[in-house]
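Novice: Each chain is listed here by its residues.
Number of protein chains: 2
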Amino acid sequence: METVSILLKNAIVLTMDEQFNRYEPGVVAIRDHSIVATGNESDLLNRYTAEEIIDCGGKIIMPGLINAHTHVPMTLLRGLADDLRLDVWLLGYMMPVEREFVSPDFVRLGTKIACAEMIRNGITCFADMYYFEEDVAKATAEVGMRAVCSQTVLKFPTPDATSYEESLAYAREYIQRWKGHPLIVPSIAPHAPYTCTDEILRACAKLAIEFDVPLHIHIAETAQEVENMRRDQNMPVVPYIKKLNLLDAKVLAAHCVHIDEGEIRTFEHYNTGVAHNPSSNLKLASGIAPIKRMLEIGLNVGIGTDGPASNNDLDMFEELRLASFLAKGASGDPTALPARQTLAMATILGARAMHLGDVTGSLEVGKSADLILIDISPVHNSPRFHHDPNSTYAQVVYATKATDVTDVMVHGRWLMRNQQLLTVQEGELLKAAGEYAIKIDTFLIKREKSLLSKLLALGERTEEEESFEVQAKVPVKDPQIVLSALINPEIQIIRTRHYRQYDVYFGFDAPEESHLRYREDHSVSKQGVITNVRTRLTLIGPSREHSYPKKVLLSRSRFLASANQSLRFYREYFKPTQEIEIEKDRLRYLVKFKDTEFFINLDTMNKPDLGYFLEIKSRTWSQKDAELKSQLVVELIKQIGESPEATISQDYIGLIKA
Amino acid sequence: METVSILLKNAIVLTMDEQFNRYEPGVVAIRDHSIVATGNESDLLNRYTAEEIIDCGGKIIMPGLINAHTHVPMTLLRGLADDLRLDVWLLGYMMPVEREFVSPDFVRLGTKIACAEMIRNGITCFADMYYFEEDVAKATAEVGMRAVCSQTVLKFPTPDATSYEESLAYAREYIQRWKGHPLIVPSIAPHAPYTCTDEILRACAKLAIEFDVPLHIHIAETAQEVENMRRDQNMPVVPYIKKLNLLDAKVLAAHCVHIDEGEIRTFEHYNTGVAHNPSSNLKLASGIAPIKRMLEIGLNVGIGTDGPASNNDLDMFEELRLASFLAKGASGDPTALPARQTLAMATILGARAMHLGDVTGSLEVGKSADLILIDISPVHNSPRFHHDPNSTYAQVVYATKATDVTDVMVHGRWLMRNQQLLTVQEGELLKAAGEYAIKIDTFLIKREKSLLSKLLALGERTEEEESFEVQAKVPVKDPQIVLSALINPEIQIIRTRHYRQYDVYFGFDAPEESHLRYREDHSVSKQGVITNVRTRLTLIGPSREHSYPKKVLLSRSRFLASANQSLRFYREYFKPTQEIEIEKDRLRYLVKFKDTEFFINLDTMNKPDLGYFLEIKSRTWSQKDAELKSQLVVELIKQIGESPEATISQDYIGLIKA
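If you read the protein sequences in the order shown, they are chains A and B. All letters in the first sequence, in the order written, are residues 1372 to 2029 by the numbering used here. All letters in the second sequence, in the order written, are residues 1372 to 2029 by the numbering used here.
Note that these hints are calculated values from the structure, not bench results. Do not take every clue at face value.
What the hints assert, rightly or not - Distance windows between CB atoms, simulated:
#1 B:Gln-1390 - A:Leu-1938: 32 to 40 Å
#2 B:Leu-1938 - A:Gly-1633: 38 to 46 Å
#3 B:Thr-1568 - A:Phe-1940: 54 to 62 Å
Ideal Cβ positions, reconstructed from N, Cα and C, are used throughout, including at glycine.
Next comes chain A alone, as it looks inside the complex (with noise of 0.2 Å):
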């Protein structure tokens, strides 16, 4: 007889392993961390004894829940915003909170209450990404739960960087401290290709491969995404990514509810993990993986919850029901998804999506005692048939609530004993949630009155326009000298365009710092004829980011609506308490400096009447470029034959007002 730590017994034993074995009555014997093995009780208790010997009193064991993608933090943010289009939800409420709140101790404070209620709901793993990534990590291990911890990269500024070389930086050092450690695989996450450049993409894949962490990132989430790559690129998401060698990476992929058979294809090919979120992809209305077809070709697809702010919790049995239900309901095939193959998703295909296949996902010897006990006496679970094999896994899937879940354990350690938690208290937790709660309500009840949310409320194509563009601005005595300067072997003139602009700015009181400009453009052909007119909404924050030498300045431009209804709409609707007028003509020359591309405009303010004005300006990602281009800016003035000492900080609402 051999001696080991606990010894698991009268239990339905569901072991996940590739042949499916299922043992009953079964037993799980465990040393130290590991399973030692996993078998009949007949076989098993003639061979081992232990040092602790429980009786499961018939229920269920099986590997704990994979939930392989979500942003645990955001439990602090349940609930804050529902029904609501993906835009104004996202840029709305979701993004503005977290600007405003997102702070280490929020961090540690919404992983813990995550972690909570994802053990009392059997999930022992989880791949997150969110910000101050390291303290999620911190949180994790203190509680003891498995996960893969990811630092999220973006071009613009997080709540934990004002720069993604800033947040390239922590990651790498955040990886080099936890990699190896025996719960928590620290790894990078870019957040999404429309959300990070060529460089980033790049940079992070090279980071991943470097320490050999998962790369977890978000792709083909929405049709509009796809639509937005083939348009700028040519080509879908999957093809994007793999061409800057992304794919070299371990790569956890989250939602591809957009993805071809070839992109699926190509993750076969590179072993890269897939994670499907139903609940999340449905509430968001973004679509419907071709989940059944990724299993088909072989991919490891696991199930998520998605951050609880668009669940709206982190309940995987939920899924696991929506997954199979969601795969014969698209697919017109009630035999898709069954109840065994959801459930393989939901344990190994999950850890082998998050490639962590070896260390958990299944009871096999070697492995991790990460395993869950399931209490399926109750009435809604009643009764059991015993003529299919499969209909305990139909049972697990169709009929058992998280709250069957009795017992958890991860790494050997007991996380949950009779629904009990053991490694964290959850009054403490939700008592301070509930104060960052009231801090957000009052922040959003202020928020309730701006023009944002107004703007988007009223449900027209809104575009955040999240770029920043280093600018300067010169007023100019004569035009014919600039646009005599403008013929110079160093400027390349591009492209020309000619427009009048007709601007009606829209002001508040306060507490309302932005301005609302109402904008048409006239286009004016080489013969002065008005070819084209366009009507923009945006709005104009009330701060510039940065401010460079010789009032070079780096703006961050807003939201930016097409304008569908009349002048009159708006002012009614905005109810501005002021509005300002201007008018001017405007040449817009695309031209190329050093290498750098630049628009020079050259205006004639003719309402009011303010004279000549000299505009440069060049879109930028990251603090160095702005750096850059600022000092190109500078000379670019130069060779104009303006004077960069002239250059004023104020935009024309600015000088109008002073």
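Given the coordinates of chain A, assemble chain B onto it according to the supplied hints.
Specialist: Chain B alone, transformed into the frame defined by chain A:
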């Protein structure tokens, strides 16, 4: 101060009335069975005192959930068979098991278990459709729940009736006995248009109108149903039932997955209620009902779980969540079915769909005190935001679990307090359910070896030909005499066919009593050319249903599948222990005799050489009709000049074996 029976205070009261009034902290005042007042504490605590004042500790009080379509006794079949094709599931498992096991005892037990589960899940009222419905009513009334209990009527024999006339007679008596009961509304349920005849549908509508009770029916659940209706009736399902005056009754139409704009408007005109069953419709791959549009047009759309054999539980919180998610996902609009509207579906709209809107479904003065308490303090439902008044509805729909329901009251009586059931004991019931499960397991394990399951398992298009035929057979000396006799003013020949039929009968050892026939028909043109070959598999049952005078038989045909594989394949697949070949040449006449259609077959038996036979057949749906036709068959035999005394009771295979 007015004294009432019970005051519930310190609660978040969601009234679900027309204005969606909510009170926090709120009060509900109850006298006897009814709601006397709802409102804010500050108002009502000064006006009312009570024999019992209950502090709800900040829980939500809302109307009990309404399960608008289910088959409650099927709790006993939960998990019996999953992940199967609809026909395999229905014809291979549900119907055979129901035929074998459904009895008043089965129905009462299953109902009580369902009531226990539903009370735990916060359901106070349901619409049922099953057999022995009076026993469903009895069990429900004993437990104290509210229900519309609908007696099923079908065109074929059911567990509780050998004919639809019997079902109708049973329903009439049952409705008479229960009409006016405070909790139970008796009702009639013609199962579906495709499982009833025009005559049945008309009779059911008449009965429902006579007693002013609801009529409960499955409508347009699958695309196939609509396609068949268009083929056979040249119209979709709703116009068809409208034509039969069915919609003049108070109809509750379940599923309605495949109805169009016009049909929705018809329902609106007739105040037809709809029961949406999102889980069942996905699980059985029936499709996604156009709920958003139905609500826009103003239908009363409730939500149902459907039976626990296709769900697999009676959890309305799962249905709520899914209804909302699915509407968003299917319409591509994340603002579709916002939480408040979804909760209305599960309460007041469901009550109206069941034609009980005056009695229950909202917390309003004068309505029955049917309400539940929900604890929203658990970790999976925290934190709580207040900036948007709709967030409480979102908490209920998106984050609440059924297990958060703590207290349930129906008709002023507590059925559950602090999660303790007060009117039903689960232990004994579950034990009895387990005993049924063992019997059903045994039955199915034996049956698994049967021909039917193997036939269905083939996955070819299998149809159950649940038709009944009256038939008689006479050996004939001279076929020319028969042919001449057909030229008769009493016999109108509608259609003639000529074909050679090659049958191979597979026989099997006991206990299998059925034969499987592989049949190849070669159609012969007038020129004697083979114009068409068709192959089919038919499962032929062992027994005759009934025998009329002169050896006229009532036979029930069984399953029919197209045979796309070779005879060799079927031989190897089914492994028959004996094979019999029969070849015949058949002249087949469709005739009208005394206003009734008959088939007259004139068969030349070539292999083995048995001579000539005259066969007369006619389809029938009711016992009365069968009796009439059996008499006509005898007359027709005489008209043709043969002797009814010479009829033989064997079929050809019987003749050969004899």
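Novice: Now tell me, hint by hint, if it's right for this structure.
Specialist: Now for the hints, and whether the structure bears them out:
1. As the Cβ distance of Gln-1390 (chain B) to Leu-1938 (chain A) is approximately 36 Å, the hint placing it in 32 to 40 Å holds.
2. For the pair Leu-1938 (chain B) and Gly-1633 (chain A), the beta carbons lie near 42 Å from each other, so the given range of 38 to 46 Å is met.
3. For Thr-1568 (chain B) and Phe-1940 (chain A), the Cβ-Cβ distance of about 59 Å falls inside the hinted range of 54 to 62 Å, so the restraint holds.
In summary, this structure violates none of the numbered hints.
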